[in-house]
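A.B. asks: Residue numbers (our numbering), protein chains in the order written: chain R, 1 to 234; chain X, 1 to 129.
Keep in mind the hints are simulated off the structure, nothing from the lab. Built from N, CA and C at the ideal position, the CB exists for glycine as well. Check the hints yourself; a few may be wrong.
[Stated by the list, open to error] Short, incomplete list of chain R residues facing chain X, as computed with Cβ under 8 Å:
#, residue
1, P156
2, P192
3, V195
[As the list claims (entries may be wrong)] Label-pair ranges, simulated between beta-carbon atoms:
#, chain 1, residue 1, chain 2, residue 2, range
4, R, Q107, X, I65, 21 to 27 Å
5, X, Q53, R, P55, 53 to 59 Å
6, X, D67, R, R179, 51 to 57 Å
7, R, Y61, X, E60, 57 to 63 Å
8, X, E60, R, Q107, 38 to 44 Å
9, X, I65, R, P55, 47 to 53 Å
10, X, A19, R, T72, 25 to 31 Å
11, R, P192, X, A50, 38 to 44 Å
This is what each chain is made of:
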Amino acid sequence: MTAIRQVNVKENLLKSNDFLAARLREQWAAQKTFVVNLLSSPGSGKTTWLERTLPALGEKYRVLVLEGDIETAHDAERLHAVGVEAFQITTGGACHLEAHMIEQAWQLVDATEPYDFVFIENVGNLVCPASFDLGEHLRVVMLSVTEGEDKPTKYPKAFHTADALMLTKCDIVEHFDFRPEEAERLARDLRPDIVSIRSSARTGEGEDAWVELLESRRAAMLATPSESEEAGRA
Amino acid sequence: MHEMSIAMGLCRQLDELAAEHRARSIGRVVLEVGALSNVVPDLLREALEALRQEMPLVAECVFEIRDVPLVVHCHDCEKEHRLREFRFWCPQCESPRVQVVSGEELLLRDVELEVPDTKPDETQKESAR
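Please model the entire structure based on the sequences and the hints provided.
C.D. replies: As structure tokens, this is what we get:
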């Protein structure tokens with residue numbers, strides 16, 4: 001004889017990713033490592049921006065980049081060439097990074113001396129990466145002026161989940177029908193408190209604002225007690 | 001997005017649940033797909049249909065997939081509002097201080113299992129583990 005049993009499960013199907021991500025986030029915070037996840041379409045200028053800004057940042061802080069790509073170690077090699085420590089994650093086919101990939105990669109990283117900043121350069125894709133928390137403390141979505149000002153509306157999840165927007169290649173904006181203020185307005189529809197930085201890796205526009213954002217957000221993270229610390233006090 | 005891998009993950013979870021309850025089969029599964037989850041219900045349905053062939057446990061299972069709308073709570077007018085478009089400002093008072101209450105999730109809500117009967121002619125109900 002059999003019976004019917006109703007089980008009210010109420011479980012998030014992405015929970016395994018989110019659980020790992022939360023664990024990573026706390027681990028990193030405990031080491032005072034501030035982690036940034038960079039999302040964008042292919043070719044928006046993620047690697048170029050890191051090439052431009054991380055050498056100087058690396059003089060004040062200990063910096064590491066986790067590079068995500070489907071194939072090749074080109075991006076990690078580009079960063080090595082300018083003296084930036086980078087670890088390449090090649091997915092071999094996955095179009096986005098997930099927390100378990102970051103966790104696996106992190107086990108191969110020597111963090112005996114903790115890093116101050118870790119930048120995760122996600123696979124170039126404005127769709128899937130948006131759904132996967134990697135344990136980051138700051139999520140940045142990059143959008144180049146060559147891509148169309150309405151992209152925020154077309155990729156709602158990427159822009160809604162981002163804490164900051166970086167408009168890139170601003171030095172050539174006059175060649176395109178791209179209104180930065182319109183792209184920013186549409187991004188704010190999705191994320192009212194999104195911080196926007198207009199940048200150019202060529203001219204260096206936006207570099208100061210970028211560093212200021214990183215430093216202030218890291219300081220805020222260091223000033224916030226962790227969940228386990230709070231639980232300990234309770 | 002990645003509905004096949006989500007369907008496979010779901011089937012793994014159902015397998016674990018069935019083992020826990022010593023269930024012989026699963027009669028019904030209720031899923032909730034949020035408007036901002038990036039999951040397409042029809043594609044998920046197709047992926048589950050494909051997996052049905054591989055997994056005797058769900059051979060006769062009815063998969064009910066419910067759409068969950070995007071609902072936000074406004075911290076200024078203190079009310080909940082359903083969003084008709086992807087614009088995260090309060091539709092009533094235009095405040096940017098809104099928090100998503102539902103619509104981002106991909107949830108396994110309920111599962112109906114066929115279990116060995118210890119008490120004849122009785123339907124049991126269990127709350128969340």
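A.B. asks: For every hint, state whether the structure bears it out.
C.D. replies: Going down the list of hints, with the structure as the test:
1. P156: Hint on P156/R: holds, closest Cβ of chain X at ~4 Å, below 8 Å.
2. P192: 3 Å, holds
3. V195: 13 Å, violated
4. Q107/R - I65/X: 21 to 27 Å: With Cβ atoms ~37 Å apart, the hint is violated.
5. Q53/X - P55/R: 53 to 59 Å: 55 Å, holds
6. D67/X - R179/R: 51 to 57 Å: 34 Å, violated
7. Y61/R - E60/X: 57 to 63 Å: 58 Å, holds
8. E60/X - Q107/R: 38 to 44 Å: Given range 38 to 44 Å: holds, Cβ gap about 43 Å.
9. I65/X - P55/R: 47 to 53 Å: 50 Å, holds
10. A19/X - T72/R: 25 to 31 Å: Since A19/X and T72/R have Cβ atoms about 42 Å apart, the given range 25 to 31 Å is violated.
11. P192/R - A50/X: 38 to 44 Å: 40 Å, holds
Comparing the model with each earlier hint shows violations of hints 3, 4, 6 and 10; every other hint is respected.
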